[in-house]
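Protein sequences appear in the order of chains A and B.
Using the working numbering, you'd call the opening residue of the first sequence number 1 and step up by one each time.
Using the working numbering, you'd call the opening residue of the second sequence number 1 and step up by one each time.
Please keep in mind that the hints were generated in silico from the structure rather than gathered at the bench.
Possibly wrong hints are sitting among the right ones.
[As the list claims (entries may be wrong)] Each computed SDA-like pair below joins lysine to any residue, with the alpha-carbon atoms no more than 25 Å apart:
1) A:LYS336 / B:ALA13
2) A:LYS336 / B:ALA45
3) A:LYS278 / A:ALA329
4) A:LYS218 / B:ALA13
5) A:LYS314 / A:LEU327
6) B:LYS38 / A:GLY299
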Amino acid sequence: MGLLSRERIVAGDGFNRWLIPPAALAIHLCIGQAYAFSVFNLPLSRTIGVKAPASGDWKLTELGWIFTLAMVVLGLSAAFGGKWLERVGPRKSGVVAATCWGLGFLVSAVGVRLHVIWLIYLGYGVIGGCGLGLGYITPVSTLIKWFPDRRGLATGMAIMGFGGGAMIAAPLSEILMKRFAGPQSVGVAETFVVLGCTYFTAMLFGAFLFRLPSTGWKPAGWEGPRAARSLVTASHFSADQAIVTPQFYLLWCVLFLNVTAGIGVLGQASPMIQEVFKGRITENAAAGFVGLLSLFNMGGRFVWSSASDFLGRKRTYSVFFLLGTALYALVPITGKLGSVVLFVACFAVILSMYGGGFATIPAYLADIFGTQFVGAIHGRLLTAWSAAGIAGPVLVNYIRQYQIDHGVEKAAAYNVTMQIVAGFLFLGFLCNLAITPVSDKHKPWSDDDGNQP
Amino acid sequence: MPGEQKSQTDRIADWGLVIVAWSLVSLPLAWGVLMSLKKAAQLFAPHQ
């Protein structure tokens, strides 16, 4: 039995399952750095000029592809790595994720030092992206197996860490860049090295803390899914079985629409509040607005996901979509009224539900398809996040630019965007409404069949 | 041994390990949250 083998990490009797959430958090707090990558964009645009961009320095448009590439590879690696994760277990998967994430930073540091951008695309984008994808699904699958009675709470704890990771990384990166910057350097390469080594170590800690419950293990006093909860199955569907059901595609649309609605706006939050409340909101205050949204994004992941254990997943998503539709439709009115408080409040709630949507989806998948292969199914579903990561910002920017080019004032240009996004959320509501238990014609997985899952 | 009840000492050690693990992840998270709160406070700063 190798050190990283699945069999080695089956927990003995009496193992305290509350050791698993910190292991999950250790991983998600590290990979959550991805949402703070933008702090490097301006410094990277002056690696030659140092004080200001000089000839030969990278443009922001070139640098923007680093994050986009990482998000695309996240989705692909989660989709392809999910089945492998279920087969090899979370320790091996966690170690591979840690290695990819850490190595991605180190390769990128070389790219910065040699001023070769494709090395950064390869490092952070591809290698780091693999670390992101594997790192994202590894803890979630393990948590659901240990907390089948409180799936929303469990996934909320892990995925809250992803939001929290950006909160740690943004100020930490700025402190490190300041420490390492000098007359000849913007300090990015050195910062990448420190972050890569730190994240590798922290993620290894998490990976080695993971255990798997033994076959048939249940929390004390829990008898299994209640029959009254009709959407919650007692069976298990493999990833290959799940993707031929309409439920998978409806859930894909649910995640895609929820993320598209939030992600495009998240990227525009700072310029948007400054343009809507011109002269009243400074750049610093706008940065404060973005900080506040991050807090609600993170908090929503835990709060909404935990609440879904009581409300039910379908009802929780109905709230996201209906309340979200109403709030997006309300945003232009808050601008017209000149109410910063209402504007901020609308977005705070919207962002909490954006985070909540991410955190609740694995529990929803576990309810529909069972817990045994949820890691693999979740991995495939995350392609919706990658798609939304491209579609969301493109859509929001395109609609806004189209209106400005046709003479609409900047502040008003967001209004139509908000209404279109509200429409997306209503579409999401309809997709969610259509979700039913998997029909009997889809046979669940059974190891009696001798099939590989 | 399988099926055997854990002793009081073992249970205390277990929970001690849980507390240590939670503290290790909570401290950086709390720092990050504080930094975000500090940044968010700029939105409500009177001079803006």
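Keeping to a limit of 25 Å between CA atoms, is the pair of LYS336 of chain A and ALA13 of chain B held or broken?
violated (59 Å)
Restraint check for LYS278 of chain A with ALA329 of chain A, where alpha carbons must lie at most 25 Å apart
holds (21 Å)
Take a quick look at whether LYS218 of chain A and ALA13 of chain B sit within 25 Å of each other, Cα to Cα.
holds (23 Å)
Taking 25 Å as the top limit, are the C-alpha atoms of LYS336 of chain A and ALA45 of chain B close enough?
Status holds; Cα separation ~23 Å.
Does GLY299 of chain A sit within 25 Å of LYS38 of chain B, going by the straight-line distance between their CA atoms?
holds (16 Å)
Take a quick look at whether LYS314 of chain A and LEU327 of chain A sit within 25 Å of each other, Cα to Cα.
Roughly 20 Å between the alpha carbons, so the hint for LYS314 of chain A and LEU327 of chain A holds.
Hint 1 from the list above is the single one not met by this structure.
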